[in-house]
Amino acid sequence: MATTAILSFVSFLDSHGAASWNLRYVAVVSGAILMAVHVLGKKVGPDGQKKINRGGVCWDGLLHGILSGVGSSLCLYLDFFAAEEISGSPEPMRSIRCEGPLTSLHRLLPAITWGYAMVDIVDSFTLGNDFLMHGTMLGAVMGTVCELGVPHTITPMLIMEVSTIPLNLTGATFLPQIAILVAQLMFAVLFFIIRILLVPLLWARWVKTFYEEEAIEKDNVCFPHWFIYVVLVFGVLFHSLNFYWFRKVVRKIKRKLVGEEKMTDGKME
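First residue of the sequence shown: 17, per the working numbering; consecutive thereafter.
To be clear, the hints were calculated from the coordinates, so they are not data collected in a lab. It is possible that part of the hints are untrue.
Pair ranges (Cβ atoms, derived) [to be verified]:
no.	residue 1	residue 2	range
1	Asp146	Ile194	43 to 49 Å
2	Gln193	Lys224	42 to 48 Å
3	Asp63	Leu164	45 to 51 Å
4	Glu277	Pro62	18 to 24 Å
EDC-like mimics (lysine to aspartate or glutamate), calculated; alpha carbons at most 16 Å apart, straight line [unchecked claim]:
no.	residue 1	residue 2
5	Lys59	Asp139
6	Lys58	Asp139
7	Lys66	Asp139
8	Lys67	Asp146
9	Lys264	Asp146
10	Lys264	Glu276
11	Lys264	Glu277
For every residue, glycine included, the Cβ atom is placed at its ideal position computed from N, Cα and C.
Work out the full structure, taking the sequences as your base and the hints as a guide.
Written out as structure tokens, the structure reads:
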């Protein structure tokens with residue numbers, strides 16, 4: 017039933033030409049829309065100078081988290097439970113053999129995140145070098161796979177964005193305190209499950225399958241010979257960045273537990 021519902025949504029996208037949309041245009045349009053949401057989601061703060069998020073929510077981050085995170089979850093579901101039925105080959109083997117994206121949704125999501133990287137870089141001017149590094153790496157990875165015509169190879173990793181949904185709600189001024197606490201808890205739990213456990217496993221599974229396919233017959237793998245090094249380097253960098261952020265999350269939790277910060281303090285830096 018879930019597979020049917022997801023494929024119906026994909027059919028809707030395809031009926032509007034999604035399977036052939038230019039990924040550069042998708043990135044530009046997505047970036048422009050998310051930047052507009054970023055600008056409209058700000059207002060002048062009490063000091064009359066510094067701009068703050070309306071309602072305490074990073075609206076562009078929330079929108080991107082929903083689009084990429086939820087979208088990737090749907091794609092990952094199809095990869096695990098329907099890929100062989102749909103195409104005759106399981107994932108990630110079919111992607112490594114360059115059989116193309118399983119659905120048009122698989123190819124579009126990295127382009128959306130490519131566009132969002134621009135917003136992340138703009139945020140770095142006020143939020144610091146962490147965001148600059150994240151935005152630059154995000155743009156480099158998404159741009160590389162989109163330009164190589166293999167965006168679907170990175171789509172499963174975008175499930176990381178699911179954890180940003182509750183993160184962007186932790187500072188909401190219109191939510192009751194209990195909801196803020198729930199959002200903080202959900203963020204910490206999802207961050208650990210998805211970014212620390214699941215994504216490294218998905219990455220290792222992809223690398224393992226790549227080398228297995230190459231060992232069987234080099235012609236099975238149609239990527240440039242250097243592509244695996246891109247996967248390895250950026251994989252290690254992103255996993256390191258996730259562990260770095262998780263360390264900050266753990267420190268934040270410790271400060272709350274010992275009373276150094278209020279439990280209802282929604283700022284997660």
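(request) Against the earlier hints, flag every one the structure doesn't satisfy and list their numbers going up. (result) Structure breaks hints 1, 8.
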